[in-house]
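These protein sequence lines are chains A and B, in that order.
Residues 1 to 227 (my numbering) make up the first sequence, in order.
Residues 1001 to 1331 (my numbering) make up the second sequence, in order.
Honestly, the hints are just simulated from the structure, not real lab data.
Not one of these hints is a red herring.
Derived pair list, reagent style EDC-like, types lysine to aspartate or glutamate, alpha-carbon separation capped at 20 Å:
1) B:Lys1200 / A:Glu41
2) B:Lys1113 / A:Glu135
3) A:Lys198 / B:Asp1145
4) A:Lys144 / B:Glu1144
Listed below, chain by chain, are the residues.
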Amino acid sequence: MVAADLRAAATNQKLYYMSKETLSPNEVREMLIAISDKIIESEELLSEADRRLGDGDHGLGMKRGFTAAKAALKALEPTTVGQVFSTTGMTLMGTMGGASGAVMGILYQNGGTALGDADSLDASGLSTFMTAALEGVTNLGGAKPGDKTMVDALAGAQEAAAASTGLSLPDAMKAVSDGATAGMEATKAMIATMGRAKTLGEKSIGHPDPGAVSVSIMFQTASAYVG
Amino acid sequence: MKKILNDPNDAAAELVDGLVDYYNGKVTKVGPGAIALTDIASDKVALLVGGGTGHEPIYHGLIGEGMADGAACGDIFAAPPPNIILEATRAVNKGKGVLYLYGNYAGDVMNFKIAAQLAAAEGIKVETVLIWDDVASAQPSTKEDRRGIAGLIPIVKIAGAAADKAKDLDELVSLVTSARDNTRSVGVALSPGSIPATGKPTFELDDDSIGIGMGIHGEQGVGIEKMMPADDLAEKLLNLILADDLILESGDDVLVLINSLGSTTMMECLIVLKKVKALLVDKGIKIYDVMLGPLVTCQEMAGLSISLTKVDDTLKPLWDAPCSSLGYTKL
Chain A
1 MVAADLRAAA TNQKLYYMSK ETLSPNEVRE MLIAISDKII ESEELLSEAD
51 RRLGDGDHGL GMKRGFTAAK AALKALEPTT VGQVFSTTGM TLMGTMGGAS
101 GAVMGILYQN GGTALGDADS LDASGLSTFM TAALEGVTNL GGAKPGDKTM
151 VDALAGAQEA AAASTGLSLP DAMKAVSDGA TAGMEATKAM IATMGRAKTL
201 GEKSIGHPDP GAVSVSIMFQ TASAYVG
Chain B
1001 MKKILNDPND AAAELVDGLV DYYNGKVTKV GPGAIALTDI ASDKVALLVG
1051 GGTGHEPIYH GLIGEGMADG AACGDIFAAP PPNIILEATR AVNKGKGVLY
1101 LYGNYAGDVM NFKIAAQLAA AEGIKVETVL IWDDVASAQP STKEDRRGIA
1151 GLIPIVKIAG AAADKAKDLD ELVSLVTSAR DNTRSVGVAL SPGSIPATGK
1201 PTFELDDDSI GIGMGIHGEQ GVGIEKMMPA DDLAEKLLNL ILADDLILES
1251 GDDVLVLINS LGSTTMMECL IVLKKVKALL VDKGIKIYDV MLGPLVTCQE
1301 MAGLSISLTK VDDTLKPLWD APCSSLGYTK L
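The following block holds chain A by itself, in its conformation from the complex (with noise of 0.2 Å):
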């Protein structure tokens, strides 16, 4: 490689790496792009997690929504950040069914929508989108902090968004990412009521629900996204 190159290689990745302080359309769509491939390359793990609450199935689920999301997501030209979560939104509603579809489209949805039409996404954006998306998903599916559900997560994501306005925006999404993890984790020691795992009673006792782990690794890619 001449030096030329290996500056240029240098440079691409430091911009790739640099932390970003709010987030275009177009990177927002980037963001979710690797979102995608996130959850796409988890099927096995998030599948392995519904083996032990449900059917199995919420990897391959999961990996129909966001497979057809990220084409959808290629061909959109954005102007707006709420456009890009929104398509995300009704293309996972439409290709996944199951409740994961349901409500993972009903979280970038009502997330997306609540945006406007903001054209660039910050700290305080970032808490208007968890709050309508929490909002959206314990409207349609009914489940609280505490059933062991993705609103675990969820929950835990939003809080910490509301908490970190005054942030940047790579240090809210930090924040954001380590409350749905936490949320996530503390589904382990809960008892599922809601959904195909509460015949389970105990038994659901020690595994995380897997559609809160499904939101922990959102936030996660997200977080190393912005930096």
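Fit chain B to the known structure of chain A by using the hints.
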């Protein structure tokens, strides 16, 4: 597990195409996963069923004359997305509204709920009756937490006849609610089915153990017991139904369904039926009609379920009406 498939990821889409081929013109695909009777009377209240695929012949195999007008099919074991339900809703709606009739599972409830909102926004009147016949899945006081299992067969059959005669959607809701409220089921699992795309079993169960009260998606049971003779098992299951809050007294008429969950043979179902009949006769409960066979399945899952539907003078003529479908036909 050997299965006759092409790309396993295409199983749901391919079986829906095969189902349309089975009906040989009587059923039309109106969108991916959405099917409807080709000819629906122009003045009838419509009946739409739906759910995940992989449980054939339900739900989509219950479309037919005197049965459901349309069906929304999801992927294997997964509720159909709202857009598929909406497509099917548009196709069956003849202006008198549409009844959504499906099993009480979180995924189905959420997706049908979104679809009902979308349909209402288009001016289509939609009502919903959830099927929750599985007595092993929750206490009688919290029926809305119960799963829908094989009892959906008599309920959909009665609903199909009711949809042909109901003057409006409210009357249909009332008749179907009565059929639902008079139906109870309980199942036993012997061994799991597998997910076609992964080949992996949906749950684990020791060779000598059986799961009392397991759902059709292979949700783990509420009680694991050792294998036992057919008569003992039949009595244990029937007693769970008789102990529930549906009052069955001497002189009452019931429909009996012995449903195979997939690989359990008709021989085994018949042996269980013999014992169930003897036990009901002992109590003076009369069998009005019998259904038997693999109607609500979970791939090659082994096990069966027993369902009873108490029928009165309102429900009997609806049961007696002829119907034809892949899943259930009555001459």
